[in-house]
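Novice: For this one, chain A is given, so just place chain B on it according to the hints.
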Amino acid sequence: MASKVIHALYTDDDVLMDAVKKVRAEHYHIEEVFCPFPVHGLDKAMGLPHTRLAITSFMYGCVGLTVAVLMMNYIMIEDWPQDIGGKPSFSYIENMPAFVPIMFELTVFFAAHLMVITFYMRSRLWPFKKAENPDVRTTDDHFLMEVDAGHHDVNTLTNLLSDTGAVEVKVIDKEDDNH
Amino acid sequence: MYTLSNRLRLFSIILMVVGLVGLIIGFADRPGSIEEVKEMMAAHDAHGGGHAEAATQSHGGEHGEDAHGGDAHYEHVLHQLQNKPWASLYAAAFFFFMIALGVLAFYAIQFAAQAGWSPVLFRVMEAITAYLVPGGLILFVILALSGFHVNHLFVWADPAEVATDKLLQGKAGWLNGTGFIIRAAIFLGGWLLYRHFAVKYSRKQDEDSEGNKWYKKSFKISAGFLVFFIYTESMMSWDWIMSFDPHWFSTLFGWYVFASLFVSGITTIALMTIYLKSKGYLEFVNDSHIHDLAKFMFGISIFWTYLWFSQFMLIWYSNIPEEVTYFITRIEDYKLPFFGMLVMNFIFPLLVLMNSDFKRVNWFVVMAGIVILCGHYIDVYNMIMPATVGESWFIGISEISAVLLFLGLFLFVVFRALTKAPLLAKGNPYLEESKHFHY
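Which chain is which? The protein sequence lines are A and B, in order. Under my numbering, residues 1 to 179 are what the first sequence spells out, in order. Under my numbering, residues 1001 to 1439 are what the second sequence spells out, in order.
Keep in mind that the hints were calculated from the coordinates and are not lab data. Some hints could be false.
DSS-like, lysine-lysine: derived pairs with alpha carbons at most 30 Å apart [stated by the list, open to error]:
| # | chain 1 | residue 1 | chain 2 | residue 2 |
| --- | --- | --- | --- | --- |
| 1 | B | Lys1435 | A | Lys21 |
| 2 | B | Lys1220 | B | Lys1435 |
| 3 | B | Lys1435 | A | Lys44 |
| 4 | A | Lys22 | B | Lys1435 |
| 5 | A | Lys21 | B | Lys1295 |
| 6 | B | Lys1277 | A | Lys44 |
Pulled out of the complex, with its shape left as it was, chain A reads as follows:
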């Protein structure tokens, strides 16, 4: 089954932000906005739920910290204790300051890398994936707002979008299973 969507293109992020607010105020459903760069506050304006990426990042950081503690405890205390600088390493807590840089680095390493991987998986991005953005100009200097036109009058919606400062408005018949 084909559904009707409208693509409105903008050339400025401030104009786009205002347009998103206006379109939402008229109770139209914005399916997606494609941007060449991140626009601050766009997620809030679109009414998207708060991202849970920060929570996963915190948990990954805790995992990294745990890994660092267990690893250093095994390497430096249990498996091969040495006397470094007059500090025999028989106790983790007494040698802890020396391990802080490793604990810090692994916390950051785990948090950053696993968060990026989570982000890719969550946004269904992987190598050689075919681009989903409907217009190649959104990778250059245009912003594209995709509005669902299924149960609405196309003409009123088109006029509204033109009034919000869109430089181009197109009606698209979209196949549901084209991606």
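Specialist: Same frame as chain A, but now just chain B:
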């Protein structure tokens, strides 16, 4: 325009009076002779009962054999207790001064970076820096008294000590009363000069914003001031803080003190902004401004910890006697304030201010801010007390009174300065951007 309420005025005056009375009692209570110290310590031991008796017995036994036993120990304690009110006065005077200085540096950075988010907060910052004038003068007097050995805060200021100390003789070219006072005058003079002109240009820009003539001048002096500041702040930290332990040195000490004063200053801006907003002023300040200040509080707290740890770990690891003694004194005699400060200045802000949403909740920021300010007072305390009071420290009447005195003076001066100009710097070219600042 802000008007100083009578309640706030009265509150600050009461704080000053209570603080002053307490401080006078603190100075009057100092033991005058070894006999008084013995009496005090005997009275203290009697309170402890059987346990103390056992402790003194074993203590006394050791001391009998000790070459330095006898009255030398009591004389040592006497000097420490005589120093105590002076040291607490110094710590409190420096702490409130460093808040104002941190705000001044933050203010200059806003101009030099041409920041667009912060102009709505400029009048709050200008008011806080007003404390630099009285705070700086008081600090200058205390420094002069200490530098010329009216009290015994600085070991290097005591000619008898220097005569027997080779290291102090070698450093006497830098660490002497005259040079100390000349440098203090240059530091304070430069900072006050910048403060005077920055505020003047900011007010002029309100009256005549045509062509942003005054704004451009503010930009230039702010950039110049920051260069002057980072050198003088570093030297100030050697002179006013690090020279309490004149045998010891750390090359990142200037940065360490800078992080402390910077985070205290930013926290004070946030607390004052939230207070004024709760009173119905500053209607143009929104949650995003508070959010940004809280981000700075969080970030600079981490930065402070980074510097604290960088200093600590290298010294702990290399374990060189003349260096490591600094931390051994603190860990042995100051365990609670030393580790408590780490919890208050690092772990608490880290956990409380990490969540993005919490940074927009005003009472959360206030709670974190109060803990951070207390933590940085203890940081200053830890830097000053071990070398002046040593193991005879306790938070007594003179410490609390000194804090109350300068807190009262700070509130009085800052809120009075706030009434002098409209709360919105309406001539600033970035004002519109700042008003519409959102996250």
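Novice: Look at each hint and say if it fits the structure.
Specialist: Here is what the structure says about each hint:
1. B:Lys1435 to A:Lys21: holds (20 Å)
2. B:Lys1220 to B:Lys1435: holds (24 Å)
3. B:Lys1435 to A:Lys44: holds (19 Å)
4. A:Lys22 to B:Lys1435: With Cα atoms ~22 Å apart, Lys22 of chain A and Lys1435 of chain B stay inside 30 Å; holds.
5. A:Lys21 to B:Lys1295: holds (27 Å)
6. B:Lys1277 to A:Lys44: Within the cut-off at roughly 25 Å; holds.
When each numbered hint is compared with the structure, no violation occurs for any of them.
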